[in-house]
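Student: Sequence:
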Amino acid sequence: MKFRPVKKLWQKDIVKIGTLLFFVLLLAALLFVNFEKDIKSLFEAVYFAIVTVGTVGYGDITPKTVPGRIVTIFLIFSGMILISSFTATMSSILISKKLKEGQGVSKIKGKNFVILCGWNWKAESLISSLISSGIKDIILINDSDPSQMNAVIEKFSDANVKFVKGDFADINILEKAGIGNSKGVIIIPDNSMASSQGADEKTVFATMTIKSISEKIKVHVQLLRNETVPYIQRAKADNYFISDNTVPFFLTSAIVNPGISDVMKMMMSFEEGSAMSTVEIPKDFIGKTFSDLALHFRSKSGAILIALVQIQDVLEMKNINSKDTSSIDAFIKRKFEEAGRLIKDLDKVKILLNPEDSYTIKKFELAVLLTNNRKSKAGV
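For the sequence shown, our numbering assigns the number 1 to the initial residue and increments by one for each residue that follows.
In case anyone wonders, no lab produced these hints; they're calculated from the structure.
Only a predicted model underlies this, so the values are computations on that prediction, with no experimental measurement involved.
For every residue, glycine included, the Cβ atom is placed at its ideal position computed from N, Cα and C.
Among the hints, erroneous ones may be present.
[Unchecked claim] Straight-line C-alpha distance at most 30 angstroms; calculated DSS-like pairs for lysine-lysine:
#	residue 1	residue 2
1	K216	K165
2	K109	K216
3	K176	K122
[Unchecked claim] Derived DEER-like restraints, expressed as beta-carbon distance ranges:
#	residue 1	residue 2	range
4	S253	K111	38 to 44 angstroms
5	N181	G134	52 to 58 angstroms
6	F249	S196	17 to 23 angstroms
7	F43	N181	22 to 28 angstroms
Given the sequences, and given the hints that come with them, work out the whole structure.
Tutor: Structure, rendered in structure tokens:
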């Protein structure tokens, strides 16, 4: 059992060739020390052996004896063979690794990446949004054609996007993608499913599988049907959004309040001039008023304070997912998540939208700001 890692390592051709090359160089060096009087140390002998194998000599050291010359001839030919084999094997390993990555079958290594499960026509815009928000390490898991995913990876070459081909509800595929080291998982309806019901069922099953690996993994999903909500809640998804739920709001606003829908769309885009972000409230402002805090952010960074997020673990507040939650609350909640501030349990937070100026800032609250993307966030 103790030697199993060594045995496994020895099975690799690159290790065998490297070891053989090492012993050939060492043997030649010892023979040079024995036969050549001009070579006065083992270091000089090793140097001469390496130079002979790598460059067929610089001429600064030359063998004077017949045995020394025979060793040199042997070293030149054996070195050519071993170096060529080593180089060919290394190239083969690198090419094989690249091909596996292109086919989506290589195991992912690393930490703090976001995994995107599923694929549909909105997936590329989601990747673009993640990159714009500062998330550069993204793993794609789906059953799409590798050539299509390679084109996507090439399109977003400024980020570190990788692909794992397979069923994202399969525990083996998820582990191959290194899900235990991920920052979070996003599941979108997969276009390989024939119906919306089938897509939602797969989303629920995938969520259950991920949570069975570790409940600490944050899972955020997109659903197609309202009927799936109870099941995704039982699967313990950290966050869920239902497709097209915002459509009535945008269409109505376009008629009743012209311009509002355009403003909302700008706020929802990381690529526009302004976007939402969440920041911790400075300790000095605990116990002060909402107007004091708003003035602080406005004067220091030009940001507008529009809401507060209260953590229900400490403050007994209503559930944000309750039926009487307004559409703007849900919107801010989503922007809160997109900004990268992941709450341990979104069922235990409440959003206070534009409270009274006299409202007293409490502990365990976060500020929701409308910031200017063109300005540095360092001063917020």
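Student: Look at each hint and say if it fits the structure.
Tutor: Cross-check of the supplied hints:
1. K216 - K165: Measuring from Cα to Cα gives roughly 24 angstroms; hence the hint holds.
2. K109 - K216: holds, 19 angstroms
3. K176 - K122: Satisfied, since the Cα-Cα distance of roughly 25 angstroms is no more than 30 angstroms.
4. S253 - K111: 38 to 44 angstroms: holds, 41 angstroms
5. N181 - G134: 52 to 58 angstroms: Because 19 angstroms falls outside the window, the suggested range is violated.
6. F249 - S196: 17 to 23 angstroms: holds, 21 angstroms
7. F43 - N181: 22 to 28 angstroms: Violated, at about 44 angstroms.
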